[in-house]
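Going line by line, the protein sequences match chains B and X. Taking the UniProt record's numbering as reference, the numbering of the first sequence is continuous, increasing by one, and the terminal residue is 804. Taking the UniProt record's numbering as reference, the numbering of the second sequence is continuous, increasing by one, and the terminal residue is 173.
FYI, nobody ran anything at the bench for these hints, they're computed from the structure. Being a predicted model, the structure only gives us computed values, none of them experimental. Take the hints with a grain of salt, since some may be wrong.
[Stated by the list, open to error] A few chain B residues facing chain X, derived, Cβ under 8 Å:
#1 27
#2 35
#3 186
#4 552
#5 555
#6 630
#7 688
#8 689
#9 695
[What the hints assert, rightly or not] Sample of chain X residues facing chain B (criterion: CB under 7 Å; computed from the structure):
#10 101
#11 104
#12 155
All residues carry an ideal CB built from backbone N, CA and C; glycine is no exception.
These are the residues of each chain, in order.
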Amino acid sequence: MSALSERPLGAVVGAAVPHEAAALHVTGRALYTDDLVGRTKGVLHAWPVQVLAAHARVTAVRTDAATDVPGVVRVLTAADVPGVNDAGVKHDEPLFPDEVMFFGHAVAWVLGETLEAARLGAVAVEVDVEELPAVVTVRDAVAAESFQGGQPTLLRGPDVEEALAGSAHVFSGEFEFAGQEHFYLETHCALAQVDEDGQVFVQSSTQHPTETQEIVAHVLGLASSEVTVQCLRMGGGFGGKEMQPHGLAAIAALGARLTGRPVRLRLNRAQDITMTGKRHGFLAQWRVGFDDDGRLTALDATLTSDGGWSLDLSEPVLARALCHIDNAYWIPAVRVNGRIARTNKTSQTAFRGFGGPQGMLVIEDVLGRCAPTLGFTAEELRRRNFYAAGQDTPYGQPVRHADRLATAWQQVLDSSDFSARTASVEAFNASSAHVKRGLAITPVKFGISFNFTAFNQGGALVHVYKDGSVLITHGGTEMGQGLHTKMLQVAATALGVPLSRVRLAPTRTDKVPNTSATAASSGADLNGGAVKNACEQILGRLAQVAAEELHVPAADVRFVDGRVRGLDADGPSLPWEDVVRLAYFSRVQLWAAGFYRTEGLHWDSAAMRGEPFKYFAYGVAAAEVEVDGFTGAYRVRRVDIVHDVGDSLSPLVDLGQVEGGFVQGVGWLTLEDLRWDERTGKITTSSASTYKLPSFSEMPEDFRVSLLDAAHEDGAVYGAKAVGEPPLMLAFSVREALRQAAAAFGPAGTSVDLASPATPEAVFWAVEAARAAEGAHVRDGGSAPPQPQGPPIRPESERVLGQA
Amino acid sequence: MDHQITLQVDGERSALTVDTRTSLLDALRERLGTTSAKKGCDHGQCGACTVLLDGRRVNSCLVLAVTAEDQEVTTSDGLAADGPHALHEAFVDHDAYQCGYCTPGQITSAAGVLAEAAQGWPSAVTEDLTAERTELTDAEIRERMSGNLCRCAAYANIVPAVADVAAAQGVRA
Numbered sequence: 001m002s003a004l005s006e007r008p009l010g011a012v013v014g015a016a017v018p019h020e021a022a023a024l025h026v027t028g029r030a031l032y033t034d035d036l037v038g039r040t041k042g043v044l045h046a047w048p049v050q051v052l053a054a055h056a057r058v059t060a061v062r063t064d065a066a067t068d069v070p071g072v073v074r075v076l077t078a079a080d081v082p083g084v085n086d087a088g089v090k091h092d093e094p095l096f097p098d099e100v101m102f103f104g105h106a107v108a109w110v111l112g113e114t115l116e117a118a119r120l121g122a123v124a125v126e127v128d129v130e131e132l133p134a135v136v137t138v139r140d141a142v143a144a145e146s147f148q149g150g151q152p153t154l155l156r157g158p159d160v161e162e163a164l165a166g167s168a169h170v171f172s173g174e175f176e177f178a179g180q181e182h183f184y185l186e187t188h189c190a191l192a193q194v195d196e197d198g199q200v201f202v203q204s205s206t207q208h209p210t211e212t213q214e215i216v217a218h219v220l221g222l223a224s225s226e227v228t229v230q231c232l233r234m235g236g237g238f239g240g241k242e243m244q245p246h247g248l249a250a251i252a253a254l255g256a257r258l259t260g261r262p263v264r265l266r267l268n269r270a271q272d273i274t275m276t277g278k279r280h281g282f283l284a285q286w287r288v289g290f291d292d293d294g295r296l297t298a299l300d301a302t303l304t305s306d307g308g309w310s311l312d313l314s315e316p317v318l319a320r321a322l323c324h325i326d327n328a329y330w331i332p333a334v335r336v337n338g339r340i341a342r343t344n345k346t347s348q349t350a351f352r353g354f355g356g357p358q359g360m361l362v363i364e365d366v367l368g369r370c371a372p373t374l375g376f377t378a379e380e381l382r383r384r385n386f387y388a389a390g391q392d393t394p395y396g397q398p399v400r401h402a403d404r405l406a407t408a409w410q411q412v413l414d415s416s417d418f419s420a421r422t423a424s425v426e427a428f429n430a431s432s433a434h435v436k437r438g439l440a441i442t443p444v445k446f447g448i449s450f451n452f453t454a455f456n457q458g459g460a461l462v463h464v465y466k467d468g469s470v471l472i473t474h475g476g477t478e479m480g481q482g483l484h485t486k487m488l489q490v491a492a493t494a495l496g497v498p499l500s501r502v503r504l505a506p507t508r509t510d511k512v513p514n515t516s517a518t519a520a521s522s523g524a525d526l527n528g529g530a531v532k533n534a535c536e537q538i539l540g541r542l543a544q545v546a547a548e549e550l551h552v553p554a555a556d557v558r559f560v561d562g563r564v565r566g567l568d569a570d571g572p573s574l575p576w577e578d579v580v581r582l583a584y585f586s587r588v589q590l591w592a593a594g595f596y597r598t599e600g601l602h603w604d605s606a607a608m609r610g611e612p613f614k615y616f617a618y619g620v621a622a623a624e625v626e627v628d629g630f631t632g633a634y635r636v637r638r639v640d641i642v643h644d645v646g647d648s649l650s651p652l653v654d655l656g657q658v659e660g661g662f663v664q665g666v667g668w669l670t671l672e673d674l675r676w677d678e679r680t681g682k683i684t685t686s687s688a689s690t691y692k693l694p695s696f697s698e699m700p701e702d703f704r705v706s707l708l709d710a711a712h713e714d715g716a717v718y719g720a721k722a723v724g725e726p727p728l729m730l731a732f733s734v735r736e737a738l739r740q741a742a743a744a745f746g747p748a749g750t751s752v753d754l755a756s757p758a759t760p761e762a763v764f765w766a767v768e769a770a771r772a773a774e775g776a777h778v779r780d781g782g783s784a785p786p787q788p789q790g791p792p793i794r795p796e797s798e799r800v801l802g803q804a
Numbered sequence: 001m002d003h004q005i006t007l008q009v010d011g012e013r014s015a016l017t018v019d020t021r022t023s024l025l026d027a028l029r030e031r032l033g034t035t036s037a038k039k040g041c042d043h044g045q046c047g048a049c050t051v052l053l054d055g056r057r058v059n060s061c062l063v064l065a066v067t068a069e070d071q072e073v074t075t076s077d078g079l080a081a082d083g084p085h086a087l088h089e090a091f092v093d094h095d096a097y098q099c100g101y102c103t104p105g106q107i108t109s110a111a112g113v114l115a116e117a118a119q120g121w122p123s124a125v126t127e128d129l130t131a132e133r134t135e136l137t138d139a140e141i142r143e144r145m146s147g148n149l150c151r152c153a154a155y156a157n158i159v160p161a162v163a164d165v166a167a168a169q170g171v172r173a
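Next comes chain B alone, as it looks inside the complex (with noise of 0.2 Å):
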């Protein structure tokens, strides 16, 4: 056991603790950024200019009729920008463009005394356009060979055309589905103010501080050090507030600046929808060979993602896609080639998953389409090609622990009852005709670690008063993740003292700088190395003020539970408090900065090889569907899960995040469909009455899920392992016995396509398909899909900001 992993006796980390803001969040105490504008006095409001054309040159922006408008103060436009006018990292993202891009995109901003003001005030600016040709479908991008960033290619084995040739089995087939939009509850926000000397305040729902930090720096022309970004809590993120609320903060900022008054830009839902990113759809054309023992021989695949207009997190979710599109799988002969269109849509970005489960989702739709035409059960099928220790992922890494995956499938195995429920959904269907049932079970592996090697740091800021009290501050963001609850817990943890003595204060770039993203599920793990590595600097200080009031060795003193002594439990021991008064007054510094860096990781994003991750998280998911046949409607009978999190932080933390990623990866997969009007570009589902999420009707109606035993990660913080994202991906076990369901309404072993997502008019589609025996469009043979040309990585691919 590793002294990272290691945990005390009496650890505060593994108790089921509520969430620590929940008294504040049951009475809606609990603080979001726009609670605070009633707060602050003289706000005004920001209002976006939107051009209703999803490609089109800007000629003319006249704003003088819009400062004409009562309560209007100023407009803002792209003369206004005293930096430099690009709200992204890749320098693709004009804050101001003098070209429209999408249906939607904001040319500029209106403050108002009021919001009716800036309303208004929009309303008034007028803009002329030159309308130019759009490219909205991601086969429209393929056609007129608008792509952009980099290409790689993942490569394994042998030749990828000599391992098909040599198969027994080849197929091929074409899979296109949509993303995601994350409806946050909470939208967009920010608040600005100028503090002294032109020093900017931004309070922003981010889930990237730091980098909301720089964008506005380098918008208003300042060093960093002049620009502070807050972010008391978000309500919601999901990857959706990682990148996208940069330039939302720049234009409070550069209001704020200009105006000297606070500046509050909060979107509305329609506004939210129609400027910001969204998961990416994918278009995937595969070949892919088994052997008569149905063991994959072989993957040549080119996964096409649909970027939207910037590159913004294109292309670390496409290396991420490549990464996973071997799921739990041994594929001995490996080529995917990823490319990223440039459509005239919202610029697509990072969503829970981050690419990962899109690479997952193209694996196992195969086996899905394949399993019957193979003569296998599908988890017949999927078993066979389970990793098996000692081998690596395409990428080169080992798959470590592969013995969890088929402990976790085993364990839903049992639990779920399996092969009896199996026998009876065949016993249903044989004697129901119009309904049918689906029993699938579907498993996850999901690397934990950016890909992006330098990313894998985190820093925190712990302060112990001179009465005991305790304050934390780290890098990472609160969005409902628990993250802060975890951070709490181990640092009570790592100083021994009661949780209760131990509070946090918002994420403040002025007290942690230079941090990565609460993103890639890797806030405990980042954050909490560093708030332990903080606490043990304080201690290892203490124990040498203890040593000698106890006549210790000072590596003998242990703190536990509040109280301070030697190695013999009922010995004599001090007070937590007492011992921290006496090292003030002996003049002992009492608080530390803590770094964490993950170690071990290597990643060549040009080769796609290397070890990128530090470990992968296992899960297990079985469920169980009904589907009704007249009408493709469906619901969703029972679902087991076991979920690997290695030795939890905070039980009951991460059972919420089991069930909740669980949910909202059904959601994904079967109700939310992202539609865009083909002809003008116009996103036709900006609101929940057109996007349907998933609500307390769509639950399974028995979900019984637990975290797997004996699951301790020795290279984690206190052997615990992360579990925002991975969970996500157990949804898969509904699609797949969507498509078992629906298959079943056809004659024995007919294989069935099934739409991403599966709606039930695409069920129903579905149904009508296995009825009239028509079989999966997958080929037998084919031809390799296309071969993107570009270089696997360009210059602006990993640009950091700040470096030319």
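We have chain B; now place chain X onto it with these hints.
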């Protein structure tokens, strides 16, 4: 058009002048500084702004502030006037939230559900339409709470939280 009104919110009376088009939600948040009710969609689709009007739940974004005069407006914070409400405690016990943004709306909505059940108001899934009190089964709770979205999907914990309080209040066996 401006109109002078008096609102009674969480036990406090406030006089204010509002444009007659002002929603109750905006009056609460923007004018009275009462931020317990949250704005999620402003279109009555998400439930985050749910408050009680004389004990009945409404989406406060769909109610004009001028029509709320002479009624008691209660937010989730107002339910805690005399210490935590049973629903507050049950939500904490069951970890029935994640980001917390929808939570005040979930709780006021649940308070409305409990009152509806106690008065025997049927829902789309109620079998016995003549019962004096509606039994709040899991199916009833899901149906009645279905107007409150939780993007974090804490649903699996909200249902038992509401069920606990329903049982304590005698509307669930």
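Hint check:
1. 27: Since the shortest Cβ distance to chain X is 5 Å, the answer is holds.
2. 35: holds, 4 Å
3. 186: holds, 5 Å
4. 552: violated, 41 Å
5. 555: This interface hint is violated because 40 Å lies over the 8 Å limit.
6. 630: violated, 20 Å
7. 688: For residue 688(B), the interface hint holds, since the closest Cβ of chain X sits about 4 Å away, which is under 8 Å.
8. 689: holds, 5 Å
9. 695: For residue 695(B), the interface hint holds, since the closest Cβ of chain X sits about 5 Å away, which is under 8 Å.
10. 101: holds, 3 Å
11. 104: holds, 3 Å
12. 155: OK, holds: residue 155(X) within 7 Å of chain B, min 5 Å.
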